[in-house]
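Engineer: Each chain is listed here by its residues.
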Amino acid sequence: MTTTQPIMDTAYKYGFHKPENYVFKSKRGLDEDVVRDISWRKNEPEWMRDMRLRSLEIFRKKPLPLWGADLSHINFDDIYYYIKPTREKAESWAALPPEIRDTYDRIGIPEAEKKFLSGVSAQYESEVVYKSIQGLLEKKGVIFLDMDSALREHPDIIRQYFGTIIPPMDNKFAALNTSVWSGGSFVYVPAGVSVELPLQAYFRINAANMGQFERTLIIAEEGSFVHYVEGCTAPVYSTDSLHSAVVEIIVKRGARVRYTTIQNWSTNVYNLVTKRTRVEEEGIMEWVDGNLGSKVTMKYPSVYLMGRKARGEVLSIAYAGAGQHQDAGGKAIHAASETSSRIISKSISRGGGRTSYRGLVEVVPGATGVKSNVVCDALLLDPLSRSDTYPTMNIREKQVAVEHEATVSKIGDEQLFYLESRGIGKAEAQSMIVNGFIEPIVKELPLEYAVEMNRLIQLQMEGSVG
Amino acid sequence: MSGSGAAKISSNSGMRIRDVTHTETILELPQGAEEQYAYRIGKNTECTILVAINSVENRAVHLSVRLCGSGSRATIIGLVLGRGTADIRLHTLQQHEAPDTVSNLLVKTVLSENAQFFYDGGIRVEPSAPKTDAYQRNENLLLSRTAHAESKPSLEILADDVRCTHGATIGSVSEEELWYLESRGIERKKGETLILSGFLKSAITGVDDRVVKYRTAKVLGLDV
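Just so you know, the protein sequences line up as chains A and B, in that order.
Note that the first sequence covers residues 1 to 466 in this note's numbering.
Note that the second sequence covers residues 1 to 224 in this note's numbering.
Calculated from the structure, these hints are not laboratory results.
Treat the hints with care, as some may be off.
To be verified - Stretch-level coverage of chain B by chain A, calculated; a stretch enters the list once three of its residues show a Cβ under 8 Å from a Cβ in chain A:
1. 34 to 42
2. 54 to 60
3. 132 to 146
4. 170 to 184
Unchecked claim - Cut-off 25 Å, straight-line C-alpha distance, at most; resulting in silico cross-link-like pairs (PhoX-like, lysine-lysine):
5. A:Lys371 <-> B:Lys152
6. B:Lys189 <-> A:Lys410
7. B:Lys131 <-> A:Lys426
As the list claims (entries may be wrong) - A short, non-exhaustive set of chain B residues, derived as facing chain A with CB atoms under 8 Å:
8. Pro99
9. Val102
10. Pro127
11. Glu156
12. Leu158
13. Asp160
Computed from a prediction, not measured in an experiment: that's the story for all the values here.
Each residue gets a CB set at the ideal place from its N, CA and C atoms; glycine is no exception.
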């Protein structure tokens, strides 16, 4: 028997709440003054302040999307758009305030640190407060900074690329982010440099009604390689919270970028993210996207294949439990010849959760020899849950091979029976099948994330049988 | 439309809904700019619905098939030949409302010159329809660089004990196939015609009703 008990309510591992301790918190709601104030406190150049104000206008004019998840419950006037947690940025782990350190202890950052990962930049509230970058990166000329510092230290590069991949006009939430962004990462990899270890950033929200608006920009010069990992966990609090990030990536000729996200927000967070890459000739972009938490997620990582033989991949896993709606997917726009893309999506719905795949494959006129393959598989674990698939294919060229396939099913009775006949209990058998189902994507994750993912699935399957 | 004494016509908000209560094969040949067809398939009834369009003019066709009785089965076949500047739109809905129902949809399209085709097909499985099998497939062949196809399938599944798949492909006649035929002494133009007629004919090989099969082939200019 399946029950409808959501795992997030019973065993949400990170559901603790630390007392708030801020140097500065902007007033509730959003107007020109708040935007000016954010810009002034960050001591930003004039062009950035003007861009923020312009974006605020666009945000006000644009309607909420009429498709996708239900966003009508977001109260934009009840959100703090900027919080600065501590006065100075900490140089080392020990210098962080104890309650922030404690928070990180619970989500396991020191372990990651011990493992000597190439750089940990942890975001507590709106700003990156702790960061350690290996000397190795600097020697190679790689820049890995939080966005605020990057704007101060490398204003010319930022000005050249900021908002060029996702302009504020793109959508309402891109406009909102451009207007109030704070934190996020900036990565610049010089030509021919390959960054061997994944770059990591941990994000965190810890104030009720605190919106988190990171802005990430990654530039991979010709022939370079970088793997960026973004893992999110957030504590549970009472009122709905909004997370709306923008991630822009530029993959130049022959470069390769992989961007891995594990999103595990608590189940009251609206996660509305715009992620997009421009891929030039022979470049490769890979999005690995895991959506486990949040109340509502709308996220469609996209690849714009602009140069000949560019390639884009989107691998996505979504899990929706009670009260959750994961509206995720991927987009591939083929704007040049001989470009190829692959989108693989696996989703699991349980306890009344809803997962939706929403995707787009577009081939523009003149782009010949394009290949695209989209595969969506969905598992429904009980009769209360729902799964949708909304792919769109828009093909304006003849010499193409575009395929889409989707299946929705429950765990097969035969499969369960087979495992049970081998003496495996029902719960264990179910979790084995689910783990097997998502395995093609989990194996692409860094080891510690793969372990976490498998553990999470096991946790979710516990109590589902009984 | 091949008539059947068993079929009732009822009306609902202006749209004609046809109840199918006996096994039958139905052929629809849309002639107007916009046509709507709605079927309700009754208990333990097997139904095959064929829609064939061969047009240089614009066509918009809405086809809704509701599987209302337990054990009902629907096979839906759409064949589209778009030529000239035709703008052809096909909307299909496979709605499963009762348990143990099966629907199987196949839409095949060949587009030449400046023809455009928009396919928008939905499968919806209501909570009242466990043990559903639903399939949907859309294959498109583009014969010219200026032809255009857009495929927008969707699945909405609200029951858990189901098996639903959909697939869509868009492509052109492959150079390898043409080269193979040429190497066997079949000239290019003839080779292309052979491949196209095979592509379309394969969709109707399983249709038992010989009259419907013959009429469909005739509309599409295929020899049977």
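Engineer: For the restraint on B:Pro127, tell me whether the closest CB of chain A is nearer than 8 Å.
Structural biologist: Holds - the Cβ of B:Pro127 comes within 8 Å of chain A, reaching about 6 Å at its closest.
Engineer: Count the residues of the region 132 to 146 of chain B with a beta-carbon closer than 8 Å to any beta-carbon of chain A: does the count reach three?
Structural biologist: Coverage by chain A holds here, the residue count being 5 at a Cβ distance below 8 Å.
Engineer: Are the Cα positions of B:Lys131 and A:Lys426 separated by 25 Å at most?
Structural biologist: holds, 21 Å
Engineer: Can we keep the B:Glu156 interface hint, with Cβ of chain A closer than 8 Å?
Structural biologist: Since the shortest Cβ distance to chain A is 5 Å, the answer is holds.
Engineer: Going straight from one Cα to the other, do A:Lys371 and B:Lys152 come out at no more than 25 Å?
Structural biologist: Distance of about 18 Å is within 25 Å: holds.
Engineer: Quick check: do three or more residues in the region 54 to 60 of chain B have a beta carbon closer than 8 Å to a beta carbon of chain A?
Structural biologist: violated (count 0)
Engineer: With a cut-off of 8 Å on the beta carbons, see whether B:Asp160 makes it to chain A.
Structural biologist: holds, 4 Å
Engineer: Would the stated hint for B:Val102 survive a check requiring a Cβ distance to chain A of less than 8 Å?
Structural biologist: Because about 14 Å separates B:Val102 from the closest Cβ in chain A, which is outside the 8 Å limit, the hint is violated.
Engineer: So, as I understand it, the hint says B:Pro99 touches chain A; can you test that by seeing if any CB pair is closer than 8 Å?
Structural biologist: violated, 12 Å
Engineer: Between the region 34 to 42 of chain B and chain A, are there enough contacts, at least three residues with CB-CB distance under 8 Å, for the coverage claim to hold?
Structural biologist: Result for this restraint: violated, n = 0.
Engineer: Would you check whether B:Leu158 satisfies its interface hint, that is, whether its CB is within less than 8 Å of any CB in chain A?
Structural biologist: holds, 5 Å
Engineer: Could you grab the alpha-carbon distance between B:Lys189 and A:Lys410 and see if it respects the 25 Å cut-off?
Structural biologist: Answer violated: B:Lys189 to A:Lys410 is near 47 Å, above 25 Å.
In the structure shown, a violation is registered for the earlier hints numbered 1, 2, 6, 8, 9, in ascending order.
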